[in-house]
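Chemist: Numbering-wise, the sequence shown is residues 1 to 608 according to UniProt numbering.
Simulated from the structure, these hints should not be mistaken for laboratory data.
Computed from a prediction, not measured in an experiment: that's the story for all the values here.
The beta-carbon is built from N, C-alpha and C at its ideal position, and this holds for glycine as well.
Some hints could be false.
[Stated by the list, open to error] If you anchor each label on the Cβ, the simulated ranges turn out as follows:
1. Arg468 <-> Ser164: 49 to 55 Å
2. Asp503 <-> Gln44: 35 to 41 Å
3. Ser92 <-> Glu12: 17 to 23 Å
4. Asp16 <-> Thr228: 28 to 34 Å
5. Ser92 <-> Gln36: 26 to 32 Å
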Amino acid sequence: MGDNFSLGSPGEILADRYLVIGQSIIFDLKPGLLPQIPELDNFQKIKAYLKLIPYRLHIPQIYGVLTVNKEQLQPEILLLEKPPLLVDSISSQVHLCSELTTVWGEASSIRQINWLWQLAHLWQPLLTEGVASSLLDANLLRVEGALVRLLELHLDSEPAPTLSQLGEFWQSLLKDAKPAIAEFIKQISDALIQGKINSSEQLITVLDQGIAQLGTGGTGRTSPAQTTIKIVTQTNTGPSRQRNEDACYPPTGVVVSKPPQQNALAIVCDGIGGHEGGNIASTLAIETIQQQVIELTSVPYENIDPLLLLNDLEQAVALVNDKISQRNDTEHRQGRQRMGTTLVMALPIAHEMYITHIGDSRAYWITRQGCYQVTLDDDVASREVRLGYAVYREALQHSGSGSLVQALGMSKSASLHPTSQRFILDEDAVFLLTSDGLSDFDRVEEYWETEILPILSGDTNIENVAQRLIEIANTKNGHDNVTIALLHYQVQYFEPDFTLNADIPAISSSKTVDLTQKITYGTVLENSYQQTQVIPETKPTRTSQLPLQLLVLLGVLLASGSLGYWIKIQRQLPPPIANPVNPSVNPQPTNLENQQDFSPPVNQPPAP
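Start from the sequences and build out the full structure, keeping to the hints where you can.
Modeler: Right under this line is the structure:
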């Protein structure tokens with residue numbers, strides 16, 4: 001990404017490592033080497049990419065910079081990874097995904113609203129980082145199946161873009177909107193332009209109403225979306241461990257199919273604490289949370305408020321955390337002796353999927369378009385990126401980058417910050433939940449296309465795939481226990497025979513959700529009603545020691561009357577401990593960093 005630059009002809013190699021594919025696409029021939037890293041302090045746009053890492057399903061991330069010619073006015077070209085690219089499997093040609101406006105008319109009603117819903121969720125966080133104008137540029141808005149992807153970020157000019165401008169952009173889509181939702185989109189666009197919808201929260205609420213109507217059909221109508229779900233789990237001790245500290249739900253060997261079963265839920269937990277009780281913590285988490293979640297979903301879909309459910313899922317996690325923490329306290333466990341666990345959970349309801357997560361166990365979403373990691377690890381490296389301190393590939397190079405900053409059971413729930421996410425699904429998909437026994441060393445990214453994708457084509461089933469993934473984890477990694485859950489989601493969607501109308505609620509602008517503090521995704525984003533953040537948005541500073549030094553000075557003067565003696569003592573004091581990832585800052589450690597690497601990180605090489 002850059003202005004007025006030329007990469008050269010296809011086939012040319014730049015900087016002895018980058019193969020030119022096209023005008024804006026290059027291929028790194030040496031992905032194991034750390035790229036040239038940009039200077040972060042001088043580039044506002046780069047900081048925006050870093051701080052928006054929770055939205056990386058929609059926004060590409062910084063890979064590095066490329067110096068083509070130092071004599072040019074712009075010697076450095078910004079390199080982005082995981083952009084909206086498609087590879088033609090027949091011709092092996094790589095090209096950018098289509099613009100949203102180009103394929104808009106070909107999409108179904110549910111997909112059209114889903115795309116707008118994702119844009120609505122992105123509005124406030126991008127506005128906060130000064131790049132919301134990117135959502136008004138048709139060239140930047142690409143789509144990869146059901147997922148909206150941004151080609152790059154553009155800095156906002158003054159004055160900042162408004163929701164009225166967003167309404168004008170959406171108004172241009174009306175001519176190709178599906179008949180069932182054309183009036184609905186018109187009413188929303190008009191309300192945005194006229195200021196009747198004056199917050200992203202209000203906009204999301206209205207779009208949620210439309211999504212619910214399309215999913216259920218409304219009173220007395222047949223639902224346009226018919227879904228079936230199948231869940232299989234597997235857990236294994238692995239070749240190098242004596243005890244399995246992982247746990248899963250449903251138990252290994254139990255296959256859940258909905259219908260005929262009414263409830264479907266998958267959970268993976270990775271215990272922390274070794275022989276001291278990691279297996280106890282993971283098992284206790286499974287037993288507690290599955291009971292809580294089944295109670296939450298005992299009501300019909302049309303009576304479920306998705307925002308309240310996201311909040312309830314986080315409260316259920318908090319309850320689990322307190323149970324484990326109380327047991328630790330009762331047994332007087334301290335430091336590395338405290339038992340804990342990670343958790344990742346998938347709850348399918350109708351045409352939606354809810355993901356709740358804490359720690360470094362992951363959820364992946366596999367469609368015919370690609371494999372997407374939809375959870376962000378709660379580790380030191382991800383925290384440094386989110387704070388805008390380091391590019392992810394640079395942060396991975398430092399010791400302790402994989403250390404967790406939070407997990408269940410390590411402290412009271414007041415300091416716990418789980419992430420809840422919501423998906424709107426309009427096509428077949430597979431969700432993979434996994435402990436790091438499989439996800440380490442990018443094994444999912446390496447094998448999803450050959451091992452998991454055939455589920456969607458009917459060439460294999462999830463039982464066989466589950467066993468195969470366990471084998472890959474044990475033979476290719478083998479350093480840890482491994483636990484997985486596979487959810488095969490199938491959906492048939494029919495265009496509705498009714499039309500939607502928007503009910504514009506009167507929501508005061510004072511109630512607008514700050515999505516930089518309470519992050520929410522469109523298709524795959526964090527819960528907008530998360531109460532607090534794990535990491536502060538402002539750069540932490542060292543605590544001033546001046547008052548302490550004055551007291552010391554006064555004490556020494558009173559004791560000896562010698563200022564020189566005091567200065568000599570001060571020079572012998574050690575300097576503050578620098579942050580291991582960015583020496584220029586010294587943030588206060590979170591509760592788990594005080595455990596002295598209670599979960600030793602695996603040194604992973606940079607992903608290709």
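Chemist: A separate judgement is required for each hint: does it hold in the structure or not?
Modeler: Hints and how they fare:
1. Arginine 468 and serine 164 have their C-beta atoms about 52 Å apart, which keeps the hinted 49 to 55 Å range intact.
2. Between aspartate 503 and glutamine 44, the C-beta spacing of about 39 Å keeps the proposed range 35 to 41 Å intact.
3. Between serine 92 and glutamate 12, the C-beta spacing of about 18 Å keeps the proposed range 17 to 23 Å intact.
4. In this structure, aspartate 16 and threonine 228 break the distance hint of 28 to 34 Å, their C-beta atoms being roughly 52 Å apart.
5. Taking 26 to 32 Å as the suggested C-beta distance range, the pair serine 92 and glutamine 36 conforms, at roughly 28 Å.
Consistency with the previously given hints fails for number 4 only.
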